[in-house]
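*Asks:* Listed below are the residues making up each chain.
Protein chains: 2
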Amino acid sequence: MKLVKAELLTIGDEILYGQIVDTNSQWMSAELDKIGIKTIRKTSIGDTEEEILQAVSEAESRADIILITGGLGPTNDDLTKPCLARYFGSEMVLNEEALAAITELFERRGRTLNERNRGQAFLPHNCTMVPNEVGTAPGMRFDKNGKVFFSMPGVPYEMKRMMENYVLPYLKATFQMPVILHQLVRTVGIPESILADRIQAWEEALPTHIKLAYLPSLNQVKLRLTAMGTSKEDLEKDIQKQLDSLFPLIGEYIFGTDEEHLEEKIGQLLLKHHKTIAFAESCTGGLVSHTITRVAGASAYYRGSIIPYHNELKINQLGVQKATLEKYGAVSEATVHEMANRVRERMGADIGIATSGIAGPSGGTPEKPVGLVWIAYADGKQTLTRELRLGTDRQQNIQLTTTQVLNLIRQTLSGND
Amino acid sequence: MKLVKAELLTIGDEILYGQIVDTNSQWMSAELDKIGIKTIRKTSIGDTEEEILQAVSEAESRADIILITGGLGPTNDDLTKPCLARYFGSEMVLNEEALAAITELFERRGRTLNERNRGQAFLPHNCTMVPNEVGTAPGMRFDKNGKVFFSMPGVPYEMKRMMENYVLPYLKATFQMPVILHQLVRTVGIPESILADRIQAWEEALPTHIKLAYLPSLNQVKLRLTAMGTSKEDLEKDIQKQLDSLFPLIGEYIFGTDEEHLEEKIGQLLLKHHKTIAFAESCTGGLVSHTITRVAGASAYYRGSIIPYHNELKINQLGVQKATLEKYGAVSEATVHEMANRVRERMGADIGIATSGIAGPSGGTPEKPVGLVWIAYADGKQTLTRELRLGTDRQQNIQLTTTQVLNLIRQTLSGND
Chain V
8 MKLVKAELLT
18 IGDEILYGQI
28 VDTNSQWMSA
38 ELDKIGIKTI
48 RKTSIGDTEE
58 EILQAVSEAE
68 SRADIILITG
78 GLGPTNDDLT
88 KPCLARYFGS
98 EMVLNEEALA
108 AITELFERRG
118 RTLNERNRGQ
128 AFLPHNCTMV
138 PNEVGTAPGM
148 RFDKNGKVFF
158 SMPGVPYEMK
168 RMMENYVLPY
178 LKATFQMPVI
188 LHQLVRTVGI
198 PESILADRIQ
208 AWEEALPTHI
218 KLAYLPSLNQ
228 VKLRLTAMGT
238 SKEDLEKDIQ
248 KQLDSLFPLI
258 GEYIFGTDEE
268 HLEEKIGQLL
278 LKHHKTIAFA
288 ESCTGGLVSH
298 TITRVAGASA
308 YYRGSIIPYH
318 NELKINQLGV
328 QKATLEKYGA
338 VSEATVHEMA
348 NRVRERMGAD
358 IGIATSGIAG
368 PSGGTPEKPV
378 GLVWIAYADG
388 KQTLTRELRL
398 GTDRQQNIQL
408 TTTQVLNLIR
418 QTLSGND
Chain F
8 MKLVKAELLT
18 IGDEILYGQI
28 VDTNSQWMSA
38 ELDKIGIKTI
48 RKTSIGDTEE
58 EILQAVSEAE
68 SRADIILITG
78 GLGPTNDDLT
88 KPCLARYFGS
98 EMVLNEEALA
108 AITELFERRG
118 RTLNERNRGQ
128 AFLPHNCTMV
138 PNEVGTAPGM
148 RFDKNGKVFF
158 SMPGVPYEMK
168 RMMENYVLPY
178 LKATFQMPVI
188 LHQLVRTVGI
198 PESILADRIQ
208 AWEEALPTHI
218 KLAYLPSLNQ
228 VKLRLTAMGT
238 SKEDLEKDIQ
248 KQLDSLFPLI
258 GEYIFGTDEE
268 HLEEKIGQLL
278 LKHHKTIAFA
288 ESCTGGLVSH
298 TITRVAGASA
308 YYRGSIIPYH
318 NELKINQLGV
328 QKATLEKYGA
338 VSEATVHEMA
348 NRVRERMGAD
358 IGIATSGIAG
368 PSGGTPEKPV
378 GLVWIAYADG
388 KQTLTRELRL
398 GTDRQQNIQL
408 TTTQVLNLIR
418 QTLSGND
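So the sequence lines, in the order shown, correspond to chains V and F.
Using the numbering used here, read the first sequence as starting at 8 and increasing by one per residue.
Using the numbering used here, read the second sequence as starting at 8 and increasing by one per residue.
Looking at chain V on its own, in the form it has when it is part of the complex:
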């Protein structure tokens, strides 16, 4: 089967000046890969007419699909739309649908439309408008000799919405791709290198039409199996066969096998066990609560949190004993033990969670260095505590502690299955 080829153009001086990392092209190529489209080239250019025109024509000469991001804003340095209009010999016309969408967005935000925003509703007459559900710049689709061009905003969340709701479905419906199946296996709490050792024999025995990729992030490693073929059913069987032999090797570290995130998994476990939860966050400063409340419907199992950043509040807002703090200090097993139990009682939750640590970069002592963190889980029957020894990077310590807390909740609730 003929390979469907795509090229990505990311437009913006800020990319060429090195002021931002171009994460759009990475995300887009990963999404294209999932549906069997091969990205053959990524090009980043500045907001310059000749550069844009040249790059588009070069991409057209090589690829079936050209995806362009950036340069659609309302300001003078945004040149993508006029350049594409010139490239495709277009007249600019007012697109009523686009104008209505922009107007509606503005009314919802209680703002009034100005000429610049109104100008964003003017589009080349020979393009198809691609709705922007979260921003003012509409996207555009051009068709030429069986090749398709999409122009999208450079703002990542606007681009992603557009890709997910319009571009990817359109490409799937328009081009004939080989069947490609991806299977994610999400692990937490095991380092990539140790994971790789554990599954080495399994990895080496993979059939040639199934590829494995390690996608590591902070404290989590995603394994991605990619199977390519012609029959969906066969590929699904092939992948299942591999999963069956993989799980016995690393099952205890696996929390999901699809797009679900750790916080969603925890939501499901809490609902399943009819449990509610509350947090007492010190060193994590709210990140655990934020992560849990990212999930729509979290109010069904999340009661609330206390962030007693100042020690005084650990006593008078949370009810930790003054003696405990004085004897063991805020960053101690005894303190998180009390914090978890007190927040559970105060918030009327089944499960109470606590974090306390030295996030850094400074504030450590020889006995309690930066990166020392205590976390606790209390459910009325038992109280579990864990000591973490992390690094000196503040943001990383906050992140890692949050993941460890979520994993402690997952393990404990899964154990109750």
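Do not rely on the hints blindly, as some may be mistaken.
One copy or two, it doesn't matter: identical chains are merged, so the pair holds either way.
[Stated by the list, open to error] In the EDC-like style, the derived pairs of lysine to aspartate or glutamate whose C-alpha atoms are separated by at most 20 Å in a straight line are:
hint	residue 1	residue 2
1	Lys12	Glu243
2	Lys229	Asp85
3	Lys282	Glu319
4	Lys218	Asp400
Just so you know, the hints here were simulated from the structure itself, not pulled from any lab data.
Following the hints, put chain F in place on chain V, whose structure we already have.
*Replies:* Below, chain F alone, put in the same frame as chain V:
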């Protein structure tokens, strides 16, 4: 003065599959920008001979400097070296200096050299070897008709060491570059289009050697002034002159003129006014607290937070009157008014902040649609409230509300200057 132009080629299938974000090209272009070299294009291609040869020749046709990373490893899928040898019509010869370096590196690591690694010491006869101080793959420099090509490893720390110790010094010594200065101006709370209207006349009056760019993100817009010339002192004067005329136009929206973030600015304002702060977060679920505590040293002004996600806790943990909740509901001006004042008292802070809203995607009513949010600021003397009408995207609503809250704090504290 003639602009010195560079193009970057990053080579590797893992980039095209979207399995890694290409951070090398961002770092390289930022370093080039610092010494006055303009990156005109970045290209990422796979480990394919024809792709590599085509991309190199295209880059040569446009740029004075071509920097290539990736594809120098010892395995069969690393094609950059043979491709460059073919491109420059080279014979492969053993480079004694490179062999000595590799051997020394292996001895230092207590490993023995194998044939693959020994092969890495073979280089094209017409290139200049660029030492790799932290890896086994030597870099290469080719010179052709006054244009220079550097080939470097894709491993970021190997590439960076090579750039800092050899490539950048060589380019500085070889090319005559103009001076380039960048000045960031960070604004919050004003949409890009309205900002552009306000400063239109100023923008149109900018001298030709100073360029303006709008860098929008969620609820914030960065303005970037880029000045090019021959004297750093003159350019600094020119930029200052423009800032002096810009501030009167949009001063109230500007919170920084460098790399500083909004939460850092707020930390500085709180320290300056010797004020402490506490948060009662409902719809933001902890993101405001997390953002504030991302800043090292936040404990000097941040007391803590209560996240009364469940209404019951708004009453018994925060002290909001039952009657208020029953009469006006949780998402109302009256409720956030009380929340802000109560959290201020309970946490013993000078300033209390509250958020309550319908983050969505569901849970709205005709009177209180998804995206309706109330925020409040209380400092004992005054209580300020704001109504926000946001969209239907949960993550975005949580983000936007957080930025609005931070900006309300900034504005109020700046007003006290």
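*Asks:* Taking the hints in turn, state whether each one holds.
*Replies:* A quick look at each hint next to the structure:
1. For the identical chains of this complex, Lys12 and Glu243 are neighbours neither inside a copy (23 Å) nor across copies (47 Å), given an alpha-carbon limit of 20 Å.
2. In this assembly of identical chains, Lys229 and Asp85 lie within 20 Å of each other by CA distance solely across copies; the values are 15 Å between and 37 Å within a copy.
3. For the homomeric pair Lys282 and Glu319, the shortest alpha-carbon distance between copies (17 Å) is at most 20 Å, but the shortest distance inside one copy (30 Å) is not.
4. In this homomeric assembly, Lys218 and Asp400 never come within 20 Å of each other (Cα to Cα): the closest approach is 34 Å inside a single copy and 35 Å across copies.
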